Each structure stands twice: as C-alpha cells, then as structure tokens.
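Generate the whole structure from the sequences, applying the supplied hints.
Heads up: the protein sequence lines correspond to chains A and B, in order.
Under our numbering, the first residue of the first sequence carries the number 4, and numbering increases by one thereafter.
Under our numbering, the first residue of the second sequence carries the number 381, and numbering increases by one thereafter.
Just so you know, not all the hints are guaranteed correct.
Claimed, not checked - Label-pair ranges, simulated between beta-carbon atoms:
hint: 1; chain 1: A; residue 1: N76; chain 2: B; residue 2: T394; range: 41 to 51 Å
hint: 2; chain 1: A; residue 1: E79; chain 2: B; residue 2: A490; range: 20 to 30 Å
hint: 3; chain 1: B; residue 1: R386; chain 2: A; residue 2: A47; range: 11 to 21 Å
hint: 4; chain 1: B; residue 1: G513; chain 2: A; residue 2: P54; range: 28 to 38 Å
hint: 5; chain 1: A; residue 1: K116; chain 2: B; residue 2: L493; range: 26 to 36 Å
hint: 6; chain 1: B; residue 1: V431; chain 2: A; residue 2: A47; range: 36 to 46 Å
As the list claims (entries may be wrong) - Cut-off 27 Å, straight-line C-alpha distance, at most; resulting in silico cross-link-like pairs (BS3-like, lysine-lysine):
hint: 7; chain 1: A; residue 1: K49; chain 2: A; residue 2: K27
hint: 8; chain 1: B; residue 1: K470; chain 2: A; residue 2: K93
hint: 9; chain 1: B; residue 1: K510; chain 2: B; residue 2: K470
hint: 10; chain 1: B; residue 1: K470; chain 2: A; residue 2: K116
hint: 11; chain 1: B; residue 1: K510; chain 2: A; residue 2: K93
hint: 12; chain 1: B; residue 1: K426; chain 2: B; residue 2: K510
hint: 13; chain 1: A; residue 1: K93; chain 2: A; residue 2: K116
hint: 14; chain 1: B; residue 1: K488; chain 2: B; residue 2: K470
hint: 15; chain 1: A; residue 1: K93; chain 2: B; residue 2: K488
hint: 16; chain 1: B; residue 1: K510; chain 2: B; residue 2: K488
hint: 17; chain 1: A; residue 1: K27; chain 2: A; residue 2: K93
hint: 18; chain 1: B; residue 1: K510; chain 2: A; residue 2: K116
hint: 19; chain 1: B; residue 1: K470; chain 2: B; residue 2: K426
FYI, nobody ran anything at the bench for these hints, they're computed from the structure.
These numbers were taken from a predicted model, which means no experiment stands behind them.
Yeah, the Cβ is synthetic: ideal placement off N, Cα and C, and Gly gets one too.
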Amino acid sequence: MPLDPSFIGRTYPPTEPYEVGREKIREFAAAIGDANPAYTDTEAAKAFGHPDVIAPPTFPFMLSFRAAAQVVNDPELGLDYSRVVHGDQKFVYARPVRAGDRLSVTISIDAIKSLAGNDVLTVRGEVDDAGGEHVVTSIMTLVARAAEAGEE
Amino acid sequence: MTVTVRFDEVQVGTELPAQSFPVTRATLVQYAGASGDFNPIHWNEKFALEVGLPDVIAHGMFTMAEAARVVTDWVGDPGAVVEYGVRFTKPVVVPNDGVGATVEVTGKVAALLEDNRVRVDLVATSAGQKVLGMARAVVRLG
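Shown next, in the form of structure tokens:
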C-alpha cells in the first residue's frame, strides 16, 4: 500500500543536542582518508578564518540520518525499513559544522511520491546550533523499494 | 575565509585535479565505525548476497565524502563548500581480494555564480561505472 500523502509537511520535534567533538571529527576525517588540516589542526582552521576545527562536508549526515529515524520508525507512516535505500543526498550550508557545536535537527517530510510501486520520501533536516543559528540543511531522498510479487 | 583558488582565475570548463581513492573492506569497517552506519551490506558478504547485491558495497555516504575531496583539496578550505548534493546511482562494489575497489573522481567548473561562487560538477566512477549522478558542489572562491 502506498504511503499516506497526508504526512507531507509533517514536522517532528527537534532532536536532543549533539555535541560535535574534536576527536569525532578527527576520527571521521581519518575514516574518509582526508588529511586536510582544517579538520584536525586548530591553527590551520583559524588560518582559514574558522574559530575552531571544522567537520568535513558530509559529516552532518550522521546527525540528520539519526534524526530521520523519527520518520523511518513512525508506526503511523508504516515505512518498511528493510526495503529502504538512500536515493540522494544534499547539504546546504549556512556555515561549516565546528568542534564544540551543540546541534539539534528538526526533521520534516517534504514530499511523498509513488514511482513504479516504490515509495519515494524527501526528508529535510534543519540543523541548528545551541543559539538557534542555522548551520546546515540536509535533504535526503529515501526510496522504499516495491515488494516483489508474492512476497507480501 | 581564505581559499587558495581565486574566482577571477577560473572559468567555465576549468578542470580540478582528478583523484582516485582506494576502498577496501578495512576502509568500510573504519567508515562504519566512524559514521555509525553498521548496515551489514557494507561489511558482510553473506548478507549482501542474500539481499541481491553482487558483493559488499561501499556506503553511498563514503563515496560522496571521497568525491568531495576533489573540491576541498582544490580550494584548501573545506568551509568554502556552501552546497553539495549527489544522487546514488550505482553501488561501489568492494571485493574481499586484498585490493578492493577504486573510486575515480573528476570535476570541472560548470557555472560562475554571484558572490565569487562557482558550481563544480563531479563525475565519480568505479570499475568503469558511474556511481554518482548529479554530483554538484557550490564553492565560494577567494
């Protein structure tokens, strides 16, 4: 059964703040093999004009995806997570994520479409810091693939 | 913000230095740990085959992160990236043969925008297949 389009526009409560740690950024940068000193060296980050080390551009996905669990696990929506794949991902930055940021994510459902039996959800996460300043918007498309005939 | 590339030095068609990024099973385990994405399709061959994949595949977000490095290495300051989006078109298949896979990334300036910003279009391939679609970053130059 296709997902209920009345969920379009639904906004979930902001997540508990996530404190961005210097060592977490270092660990993430190492995992993607990125030696850019802006991620690990405060002086290098300051030379670029940042108050502290910054996180790689895809780092905030960790937060926005965790927050999107509110949508994925919403029993009223009834998404079959075992069939969900990540279709696309976009970040729009007001400023880079920095060590020491306390970030909360407010998730909204922007669109629900049914394409060839697949449910396609556009989920937007607004990531704000503790002062309420906007940091980054994470927009992701989640595709719940159609169940194969005879499977249901 | 200080970036090494100046807006007036680039034009539409300016190519960014291409890079290739190796991906092994160990890379994926490390990325799983750092990102918290422990989906077994990224480390468990038996599970990947059971769900119809050809083998273990890289996290889409890992591939996206590697492609971004062509842009951030070019500008120096990763904070110069103001927008970045991709579509996950094909998975990067990572065999357990000690060699793994390679993600090849090229990029070029596709548009000059206001406020010293440019749009860079990226092409990421692995084993001859395009693995990202519509991979675009907007960066603010000096």
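Against the structure, the hints:
| no. | hint | verdict |
| --- | --- | --- |
| 1 | N76(A) <-> T394(B): 41 to 51 Å | 45 Å, holds |
| 2 | E79(A) <-> A490(B): 20 to 30 Å | 42 Å, violated |
| 3 | R386(B) <-> A47(A): 11 to 21 Å | 20 Å, holds |
| 4 | G513(B) <-> P54(A): 28 to 38 Å | 36 Å, holds |
| 5 | K116(A) <-> L493(B): 26 to 36 Å | 29 Å, holds |
| 6 | V431(B) <-> A47(A): 36 to 46 Å | 42 Å, holds |
| 7 | K49(A) <-> K27(A) | 19 Å, holds |
| 8 | K470(B) <-> K93(A) | 17 Å, holds |
| 9 | K510(B) <-> K470(B) | 7 Å, holds |
| 10 | K470(B) <-> K116(A) | 21 Å, holds |
| 11 | K510(B) <-> K93(A) | 18 Å, holds |
| 12 | K426(B) <-> K510(B) | 25 Å, holds |
| 13 | K93(A) <-> K116(A) | 18 Å, holds |
| 14 | K488(B) <-> K470(B) | 21 Å, holds |
| 15 | K93(A) <-> K488(B) | 19 Å, holds |
| 16 | K510(B) <-> K488(B) | 16 Å, holds |
| 17 | K27(A) <-> K93(A) | 22 Å, holds |
| 18 | K510(B) <-> K116(A) | 25 Å, holds |
| 19 | K470(B) <-> K426(B) | 20 Å, holds |
Going through the hint list in order, the structure does not satisfy hint 2, though it satisfies all others.
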